[in-house]
Amino acid sequence: DTEVTQTPKHLVMGMTNKKSLKCEQHMGHRAMYWYKQKAKKPPELMFVYSYEKLSINESVPSRFSPECPNSSLLNLHLHALQPEDSALYLCASSLTYQETQYFGPGTRLLVL
Amino acid sequence: AQSVTQPDIHITVSEGASLELRCNYSYGATPYLFWYVQSPGQGLQLLLKYFSGDTLVQGIKGFEAEFKRSQSSFNLRKPSVHWSDAAEYFCAVGAKTPGGYNKLIFGAGTRLAVHP
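Respectively, the protein sequence lines represent chains W and P. Every number in the working numbering is 11 more than the matching position in the first sequence, counting from 1. Every number in the working numbering is 104 more than the matching position in the second sequence, counting from 1.
Derived by calculation from the structure, the hints in this document are not laboratory data. Hints may contain errors.
[Unchecked claim] Simulated crosslink set (BS3-like; lysine-lysine; CA at most 30 Å straight-line):
no. : chain 1 : residue 1 : chain 2 : residue 2
1   : P       : K207      : P       : K172
2   : P       : K153      : W       : K49
3   : W       : K52       : W       : K29
4   : W       : K20       : P       : K153
Input sequences plus hints: build the corresponding full structure.
Below you can see the structure in the form of structure tokens.
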């Protein structure tokens with residue numbers, strides 16, 4: 012089973028709201044990733060967690076705050092977002108940080 | 105710097121026709137190469153991958169890809185396309201960061217349309 016789940020599927024939020032995206036996998040993977048994908052563009056890496064520690068932050072603005080409470084769960088906390096942050100947010104996981112990444116279905120975010 | 109080029113932004117084929125999607129990469133060491141497919145509004149599904157060994161790689165849904173080091177290419181092929189293959193296809197290279205992490209670098213994608 013190579014399933015990564017993400018909730019919610021869709022999210023609409025105002026620029027003053029605080030919301031969270033959730034990602035979960037039960038494959039025993041120890042690396043988890045957040046990507047941002049704008050329309051008609053490839054995914055862009057935001058964060059990498061390896062063994063529940065933040066390993067890569069691709070210079071993402073602080074209004075995006077990742078959290079990895081345990082090896083199966085990855086959250087992305089959102090605060091004071093801008094309309095240009097509207098995108099599809101994809102979560103991925105891999106057995107280790109050197110292995111194949113498997114993606115979830117994504118959360119489509121609209122910031123008004 | 106590592107990069108991936110997918111020369112074809114859009115490709116249209118007839119159902120039942122053969123398909124080849126091109127991918128060229130730039131990477132100093134032996135690359136890890138991937139093809140992912142994305143249906144509209146969905147996540148990315150792994151079609152196949154190349155790490156080492158046999159340069160002809162078989163994937164899901166009848167796809168295959170061939171790694172050619174001399175041409176820095178990893179083209180995706182399918183002998184007979186089905187209407188359900190219409191989607192966006194991304195080629196990616198797994199590049200090692202200074203910390204040893206496997207960072208995926210994606211090409212711009214090729215959008216495949218299938219005519220009945």
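Here is how each hint holds up against the structure:
1. P:K207 to P:K172: OK: K207 (chain P) and K172 (chain P) at ~22 Å, within 30 Å.
2. P:K153 to W:K49: holds, 24 Å
3. W:K52 to W:K29: holds, 26 Å
4. W:K20 to P:K153: holds, 28 Å
Hint compliance for this structure: no hint is broken.
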